[in-house]
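Given only the sequences and the hints, what does the whole structure look like? Please build it.
These protein sequences, in sequence, are chains A and B.
When you line the first sequence up against the numbering used here, it's residues 1 to 110, in that order.
When you line the second sequence up against the numbering used here, it's residues 1 to 115, in that order.
Since the hints were made in silico from the structure, they are not lab data.
Hints should not be assumed to be uniformly reliable.
[Stated by the list, open to error] From chain B, some residues computed to sit far from chain A (all C-beta separations above 12 Å):
#	residue
1	Val12
2	Thr13
3	Gln17
4	Asp63
5	Phe65
6	Asn71
7	Ala72
8	Phe74
9	Thr76
10	Pro81
[Unchecked claim] Taking beta-carbon pairs under 7 Å as the criterion, some of the chain A residues facing chain B (in silico):
#	residue
11	Asn30
12	Arg41
13	Gly42
14	Leu43
15	His45
16	Asn96
17	Asp97
18	Arg99
19	Phe100
20	Ala102
Here the structure is a predicted model, which is why all the values come from computation and not from measurement.
Glycine included, C-beta positions come from ideal geometry on N, C-alpha and C.
Single-letter residue listing:
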Amino acid sequence: SQQGEEDPQALSIQEGENATMNCSYKTSINNLQWYRQNSGRGLVHLILIRSNEREKHSGRLRVTLDTSKKSSSLLITASRAADTASYFCATANLNNDMRFGAGTRLTVKP
Amino acid sequence: DAGVIQSPRHEVTEMGQEVTLRCKPISGHDYLFWYRQTMMRGLELLIYFNNNVPIDDSGMPEDRFSAKMPNASFSTLKIQPSEPRDSAVYFCASRAGGAYNSPLHFGNGTRLTVT
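See below:
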């Protein structure tokens, strides 16, 4: 079964704009991770935020985590056409498994 | 490192046939996961192993599905007999260590079509 729910399901923006994706989950977690998937490929890890962290940055990526609301957000700043992909949140649960949300399909128009 | 290697990349088979998907995890990784991806259900966790031992197979849809990990460098997911509703992309992923600090590394998947 899936753990998280992302919204929006799809997002279309212009190059240079910021993209924000949200994720909600249901159970207690060790950490929350964001992954990217290009068409026809496997998922690639982007960033990990632990349950005791509230915000994390990596390059143009900013992730927040609110464990009281069981939610996270991924912000991609100054988007590029090459950022076009599907983005998934995944929760690393206390029993060591990992479950993914349904994903957000991001399209960045040049 | 070559990353997680899955074979075949594409598999087309007829209903009722046996299908075997293969996965070679990254050397030294002690966790291995099998996922199934469809438009309708997204990414579903089927089963995962730790040190070659199955830990949780509650996501395996039916007895037609079975997975093995005979050694640290190889795993198989078998469907027997296959049905059209098994059509999906199947991903294998591996990880070094427990969930606290480790990301998953995915293969490029096997696209299975059952006609």
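Query - Hint numbers not upheld by this structure, sorted from lowest to highest - result: none
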